[in-house]
Amino acid sequence: MELTGAQALIKSLEMERTEVIFGLPGGCILPAYDPLLDSSIRHILVRHEQGAGHMAEGYAHVTGRPGVVMVTSGPAATNLVTPICDAYMDSVPLVAITGQVSRAAIGTDAFQECDTVGITRSVTKHNELVMDPAELPLVVRQAFHLATTGRPGPVLVDVPKDVLTSKVEWWWPTDDELLASLPGYRPNTRGHTRMIREAARTIVAAERPVVYAGGGILRARAAEELAALVELTETPVVTTLMARGAFPDDHPLNLGMPGMHGNYTAITAMQEADLLIALGTRFDDRVTGRLDGFAPGAKIVHVDIDPAELGKVRRPDVPIVGDAKTVIAEITKAVRALLDSGEATLPERAPWRSRISGWQERYPLHYDPPAEGDALKPQRVMEALRDSAPEGTILASGVGQHQMWASQYWRFNEPYTWVNSGGLGTMGFSVPAAIGAKVGRPDRTVWAVDGDGCFQMTAQELVTASSERIPVKIAILNNAYLGMVRQWQEMFYEERYSEVYLSPDLPDYVKWAEAMGCAALRVEDPDEIQPAIDKANSIDDRPVVVEFRTDASEKVFPMVPAGAANGDVVVHPTQAAESRKVVQ
Amino acid sequence: MRTPHHHTLTVLVENRSGVLARVAGLFARRGFNIESLAVAPTDDERFSRFTIVVDVRETDPEQITKQLFKLVNVVKITELAPADAVERELLLATVTADAEARSAVIELVDIFGGGIVDVGWNQVSVMLAGEPARLDDFEELVRPYGITELQRTGRVALARLERQAPRLRTTGKAS
Chain Y
4 MELTGAQALI KSLEMERTEV IFGLPGGCIL PAYDPLLDSS IRHILVRHEQ GAGHMAEGYA
64 HVTGRPGVVM VTSGPAATNL VTPICDAYMD SVPLVAITGQ VSRAAIGTDA FQECDTVGIT
124 RSVTKHNELV MDPAELPLVV RQAFHLATTG RPGPVLVDVP KDVLTSKVEW WWPTDDELLA
184 SLPGYRPNTR GHTRMIREAA RTIVAAERPV VYAGGGILRA RAAEELAALV ELTETPVVTT
244 LMARGAFPDD HPLNLGMPGM HGNYTAITAM QEADLLIALG TRFDDRVTGR LDGFAPGAKI
304 VHVDIDPAEL GKVRRPDVPI VGDAKTVIAE ITKAVRALLD SGEATLPERA PWRSRISGWQ
364 ERYPLHYDPP AEGDALKPQR VMEALRDSAP EGTILASGVG QHQMWASQYW RFNEPYTWVN
424 SGGLGTMGFS VPAAIGAKVG RPDRTVWAVD GDGCFQMTAQ ELVTASSERI PVKIAILNNA
484 YLGMVRQWQE MFYEERYSEV YLSPDLPDYV KWAEAMGCAA LRVEDPDEIQ PAIDKANSID
544 DRPVVVEFRT DASEKVFPMV PAGAANGDVV VHPTQAAESR KVVQ
Chain G
414 MRTPHHHTLT VLVENRSGVL ARVAGLFARR GFNIESLAVA PTDDERFSRF TIVVDVRETD
474 PEQITKQLFK LVNVVKITEL APADAVEREL LLATVTADAE ARSAVIELVD IFGGGIVDVG
534 WNQVSVMLAG EPARLDDFEE LVRPYGITEL QRTGRVALAR LERQAPRLRT TGKAS
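One line per chain: the protein sequences are Y and G, in this order. Converting from the first sequence to the working numbering requires adding 3 to each position, the first position being numbered 1. Converting from the second sequence to the working numbering requires adding 413 to each position, the first position being numbered 1.
Calculated from the structure, these hints are not laboratory results. It is possible that some hints are incorrect.
[Claimed, not checked] Here are the simulated SDA-like cross-link-like pairs (lysine to any residue), alpha carbons at most 20 Å apart as the crow flies:
#1 LYS479(G) - ASP309(Y)
#2 LYS315(Y) - THR472(G)
#3 LYS483(G) - ARG189(Y)
#4 LYS489(G) - SER430(G)
#5 LYS483(G) - PRO310(Y)
#6 LYS315(Y) - ILE490(G)
#7 LYS479(G) - LEU450(G)
#8 LYS380(Y) - ARG414(Y)
#9 LYS479(G) - LYS380(Y)
#10 LYS315(Y) - ARG470(G)
#11 LYS315(Y) - SER430(G)
#12 LYS479(G) - ARG189(Y)
#13 LYS489(G) - ARG573(G)
#14 LYS483(G) - ARG193(Y)
#15 LYS315(Y) - LEU450(G)
#16 LYS483(G) - TYR91(Y)
#17 LYS315(Y) - ASN446(G)
#18 LYS315(Y) - SER344(Y)
#19 LYS483(G) - SER184(Y)
[Unchecked claim] To be clear about the criterion: a stretch of chain G counts as covered by chain Y if any three or more of its residues have a C-beta under 8 Å from a C-beta of chain Y, and this derived list gives those stretches:
#20 425-434
#21 484-494
[Stated by the list, open to error] So, partial list: chain Y residues that the calculated Cβ filter (under 8 Å) puts toward chain G:
#22 LEU185
#23 GLY187
#24 LYS315
Every residue gets a Cβ at the ideal spot worked out from N, C-alpha and C, and that includes glycine.
Generate coordinates for the entire structure from the input sequences, incorporating the hints supplied.
Encoded structure:
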């Protein structure tokens with residue numbers, strides 16, 4: 004069967020069971036948009052290519068399937084760089100198709116030409132410029148395989164316009180042909196048997212173990228396996244920002260999020276542990292704080308699909324390369340064998356548990372209740388959103404203070420319900436990511452918590468949401484500042500506020516949201532919080548934006564200041580004052 | 414300078430466009446320093462071989478190897494400590510050699526087992542292939558005559574072969 008390159012491209016995407024493409028057409032990709040009209044694949048027309056990328060990420064976060072983006076060459080491709088890098092940092096499976104100028108024009112500085120594979124080389128797991136039309140199906144198949152296996156990540160396929168218009172004989176590579184075409188790519192998913200036994204022995208010998216669960220648990224869809232290991236070994240768990248939902252927050256062994264703005268108990272339990280069972284996580288600086296002060300007494304069992312993560316930051320005592328799902332199940336089996344055979348018994352966990360509950364009682368998450376006439380407390384808004392959220396609600400967030408409050412105050416009891424930009428910290432992530440999440444899980448309520456700074460970066464995608472009838476809900480915590488930067492300037496730059504004020508009224512968020520086809524509400528009074536959220540939850544025929552005017556002086560606590568060790572975590576000033584009283 | 418701290422990585426890669434950029438980009442992005450780099454085709458046209466020399470005091474060779482291996486086009490990596498490698502490099506140099514000095518230069522080249530590849534009015538171009546340390550020695554000895562231009566290829570390397578015949582097995586599976 005002879006097809007055009009464009010037809011072969013779309014057919015290849017269909018072969019990979021693509022349900023939806025987020026994209027925006029233009030010159031060089033034009034030929035691919037014609038066969039799209041006859042395809043079963045849904046296309047969502049975005050207003051900016053960055054939005055397409057984040058939507059695809061949001062879709063991938065909640066479905067576990069690769070998000071697919073298609074845009075044209077030049078500026079469209081460069082607009083995609085941010086979401087591609089975001090996906091790379093957070094190991095999100097993403098396939099990006101970009102148009103390119105015709106082969107003969109490559110290198111001539113043609114209109115809308117840019118070196119897309121060159122620019123994206125360091126932020127993709129792999130990329131490929133397709134010079135041979137016959138290779139198109141193979142390259143697409145490779146892209147999906149690479150994006151979704153091993154450590155997932157973004158893969159970009161750059162297709163010159165004349166490759167799309169040339170004739171190709173259709174073929175679809177077999178599994179064998181696919182593997183033969185990637186001789187250097189054989190991710191190791193099964194852990195080393197001896198190391199797994201070693202891990203089991205280390206775990207049963209530990210008196211103060213902590214499971215340090217990372218986003219890899221979600222990528223490997225290993226939440227059940229994690230719960231089985233945790234329950235068998237009665238090990239407390241911390242879930243990193245990327246792993247929220249990987250283990251239920253309402254489980255008594257869940258200590259919450261560790262790291263720079265993690266809760267006191269999670270941070271301190273890691274510091275005091277004699278064993279960290281690090282699963283699908285990479286010892287990010289936001290988790291470890293100053294490295295030489297991080298978990299000084301802990302042995303490390305480190306499981307990761309990416310061998311380069313083992314020993315990159317902290318040398319593990321027991322390194323295991325493998326897929327988290329498989330390896331955790333194997334470790335659990337090995338632990339059970341040790342316990343059942345009587346070869347080992349678990350140390351008494353009560354002393355460790357009681358130290359932990361001591362920290363929990365002393366330093367729970369805290370904010371001062373508002374005084375009469377105060378602006379809204381952002382934490383109070385988060386609690387109200389959480390408590391009113393329908394079962395199974397998916398939460399997306401941008402980057403900054405609101406993101407930390409979202410992670411701290413939400414109760415994540417189900418995996419794949421948290422959509423967030425962790426590694427790259429991309430402001431403007433939440434609106435498009437929430438839209439992508441809603442496309443992936445239309446059966447779920449999707450809330451995005453956003454800051455006023457973030458919202459202004461990508462709000463135009465609400466036009467996409469309105470026109471495509473994707474009813475997401477956006478809560479803007481409008482404190483009229485770039486809040487996290489303001490917090491740092493307050494704490495570390497003697498309150499010298501430099502370029503962080505944004506104004507509460509400019510833009511008028513309600514008018515703006517309405518102009519984009521959304522329902523819009525503004526909340527200034529604490530008594531209005533609940534009715535507004537109830538109203539927003541009741542609207543299901545279009546996007547809703549609720550603007551909450553929040554207290555700009557609120558800061559995120561606890562906090563491990565940059566460059567400090569986790570032992571020097573700063574708790575909320577009220578708690579610090581109380582504990583001084585206790586000491587006196 | 415070549416020291417025991419210089420390890421050689423031989424990296425077998427798919428012979429595709431952009432692979433050199435991927436490898437070079439990875440070194441730049443991760444802050445790894447390359448001492449020397451040689452790229453050449455192999456006996457199998459689908460693959461090329463990179464010979465990369467790195468200073469292991471500056472970067473952990475394990476991280477370099479692991480990061481390199483994440484490149485989809487990288488097929489195999491061998492890390493060779495100086496004692497484990499047979500290494501050769503090629504040197505080309507134009508040396509000032511007027512009538513007076515010419516025979517001395519030629520003699521030096523002969524001693525090292527090199528050759529004269531070009532002769533001019535008061536210069537000769539010489540070629541020498543050998544172990545990198547030997548090239549260093551030659552370079553030093555010929556320098557007083559005046560080196561106008563000098564090029565070295567960077568080393569290529571193969572793993573040193575087993576010296577011992579395999580022991581007869583007394584235990585284990587008979588396979």
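Verification of the hints:
1. LYS479(G) - ASP309(Y): OK: LYS479(G) and ASP309(Y) at ~9 Å, within 20 Å.
2. LYS315(Y) - THR472(G): It holds: about 11 Å lies between the C-alpha atoms, which stays within 20 Å.
3. LYS483(G) - ARG189(Y): Measuring from Cα to Cα gives roughly 10 Å; hence the hint holds.
4. LYS489(G) - SER430(G): Between LYS489(G) and SER430(G) the Cα gap is close to 18 Å, so the pair holds against 20 Å.
5. LYS483(G) - PRO310(Y): Within the cut-off at roughly 9 Å; holds.
6. LYS315(Y) - ILE490(G): 18 Å, holds
7. LYS479(G) - LEU450(G): Since the Cα atoms of LYS479(G) and LEU450(G) sit roughly 18 Å apart, the hinted pair holds (cutoff 20 Å).
8. LYS380(Y) - ARG414(Y): Cα-Cα ~18 Å, so holds.
9. LYS479(G) - LYS380(Y): Violated. LYS479(G) to LYS380(Y) sits at ~47 Å, over the 20 Å cutoff.
10. LYS315(Y) - ARG470(G): 16 Å, holds
11. LYS315(Y) - SER430(G): This hinted pair is violated, its Cα atoms lying about 29 Å apart.
12. LYS479(G) - ARG189(Y): With Cα atoms ~13 Å apart, LYS479(G) and ARG189(Y) stay inside 20 Å; holds.
13. LYS489(G) - ARG573(G): OK: LYS489(G) and ARG573(G) at ~17 Å, within 20 Å.
14. LYS483(G) - ARG193(Y): 17 Å, holds
15. LYS315(Y) - LEU450(G): 24 Å, violated
16. LYS483(G) - TYR91(Y): 13 Å, holds
17. LYS315(Y) - ASN446(G): 17 Å, holds
18. LYS315(Y) - SER344(Y): 36 Å, violated
19. LYS483(G) - SER184(Y): Distance ~16 Å between LYS483(G) and SER184(Y) Cα, so the pair holds.
20. 425-434: holds (count 5)
21. 484-494: holds (count 6)
22. LEU185: 6 Å, holds
23. GLY187: For GLY187(Y), the interface hint holds, since the closest Cβ of chain G sits about 4 Å away, which is under 8 Å.
24. LYS315: Cβ of LYS315(Y) sits 6 Å from chain G, so the hint holds.
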